[in-house]
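Spelled out from the first residue to the last, the chains are:
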Amino acid sequence: MSGSASTNALYADKSWVRRMARPFFAVACLLATLSGVVVLAVLLGSVVMSALGRVDSRPWYDLAANLRSLVELMLRLVTNTPGESAAVSGFRVGVVSSLWLLALVALFAVPVGVGAAVFLEEYASPGRIKNFVQTNISNLAGVPSIVYGILGLTLFVRAFGFKPLALGYSIWSGALTLGLLVLPTIIIAAQEALRAVPPSLRQAALALGGNRWQTVRDHVIPAAAPGIMTGVILALSRAIGETAPVLMVTQATSLLDPPRGPNDQYVPLPLEIYNYAKFPGAEDQALAAGGILLLLLLLLSMNAVAIFLRNRYARLARA
Amino acid sequence: MTIDHQPSTTQPHLTPAEGLAKVPPPTSIQTAPAMRIRGLNVWYGQAHALKDIDLDVPRNRITALIGPSGCGKSTLLRCFNRMNDLIAGARVRGEILFDGEDIVGPEIDSVSLRRRVGMVFQRPNPFPKSIYENVAWGAKINGYRGDLDELVEVSLRRAALWEEVKGKLRSSGLSLSGGQQQRLCIARTLAVQPEVILMDEPCSALDPIATRSVEDLMEELKADYTIVIVTHNMQQARRASDLTVCMMLDDQATLEGHRTGVVAEANATEILFTNPQDPRTEAYITGRIG
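Residue numbers (my numbering), protein chains in the order written: chain A, 2 to 320; chain B, 399 to 688.
Think of the hints as simulated: they come from the structure by calculation, not from any bench. Source: prediction; values computed, not measured. One or more hints might be untrue.
Which residues of chain B face chain A? A few of them, derived with a C-beta cut under 8 Å, are [claimed, not checked]:
hint	residue
1	Met481
2	Ile485
3	Arg489
4	Arg512
5	Phe525
6	Asn540
All C-beta atoms, glycine included, are put in the ideal place defined by N, C-alpha and C.
This is chain A alone, in the form it adopts within the complex (with noise of 0.2 Å):
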């Protein structure tokens, strides 16, 4: 081919040019994709590093009994609650409050931002004020986090200094607080699932006598679920992960009892992590390095049980 092309005087001969170029570009996009990756491992293995080093010095290659000490460290590290030291000391306050508060942020923030999603997109008819609605929106999914963290403090804990609505430094408040912080991620999120429902499905529900509530319930929603619920756990990933805000709507840095309501006051894990994290001894430190797994380990999971509840929905539409 590049033969007779470069017989023929009015093609340039770039055979030599166009044979370097080919694979740069693909290695140059494979080094884009691996330096996510290196990273994330490069990060694991420093935490692991650091979180194990408190327990002995051990060489890395002794994986059978590294690994049996970094799961007693996990098994330690969820059980235990702030203790005399930071060698007998673990996260369980930070877990269960953490758990708590994705629970109640779920509660919230999912039917609230899923209904705005489908309002926007099944019932505003287009206009001025659909279009300033979703700006603001828009404009919200960009508010730095400690922003939402003041508006918390302010609103629930305080309720603008209104007694008897404010909720104090309960789980409450930070579940609202972190709920306010998401909600538009998933409005956007849920908004693209359902943009990208075809026009043609919900016709021919309407056009079977189907009002509109019916084919929203019954077509659009399912269609959407897989898109809607990755976008839903991607938002819970990260109000789970937020430290910001929630230091302005806690109020306790250290709990010896984890809560037992939404009513208790809490600490979530990354402000455990961030607390243990501050002091200088090597024992805090890979405490801290210990929390950090356990708060990757709790996100991983999510990501996990996104992934499974999506295959399981698309599978589902499919069939």
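Using the hints, position chain B against chain A.
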């Protein structure tokens, strides 16, 4: 059949051809009209899409809408079940009498109208659910209280699909071939027991064999239903319909740079294709314009 009602919207600058369009179709296709359209005008925003449509759609007959692209065939069809409501900026004025009731006004409940006037779309669009669910859904949401299993079977039988799918009612509607999917869509429409079935180029995405099966099906269904079909395929109109309506772009509007659809001629299919009364119809069916 006499036209007892000439709406005031009929313009004085009526061409002879448009006058001819109002001659009632010959007796061979005469039945009481299921839909009686008078002075119908449709705008999409500023664009005048349909102008002064007068037409009688005979009951228990197949009416074909033909004409060049963009002349408003689908727009007219969507007036019959208020699907134009879904298009932002669409305005419909005039009168469509369906069982003596004007279905143009905003006070009409489009949801219950659409149960009585079913629609089959250009591309087969079964729900991404089981074959059974596809047929049962419309009946369920319309509050059907009879035996659903029986209704599903009857509807699939009427759509000539039962023998092919009876063993796999639980598998996805999307697993069927294109022609089967379109018959599933017809079965789904039949299941809500409409009086009129609108078909918007139902065979344009199908191969000749599947097209044939849909046409045979229409012929069988017309005993119980009034069918209106939009088609680009003149042979199909000729084969399958009793009445053919040839639509055209309005010359005056075209000169002004707009695309406005009018009815050039509505006549018995036999006559329209052998002895067209309107020069534009003749030009279109002989392929001189299209």
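Quiz item: Where does the structure disagree with the numbered hints, that is, which hint numbers, in rising order?
Solution: 2 and 3
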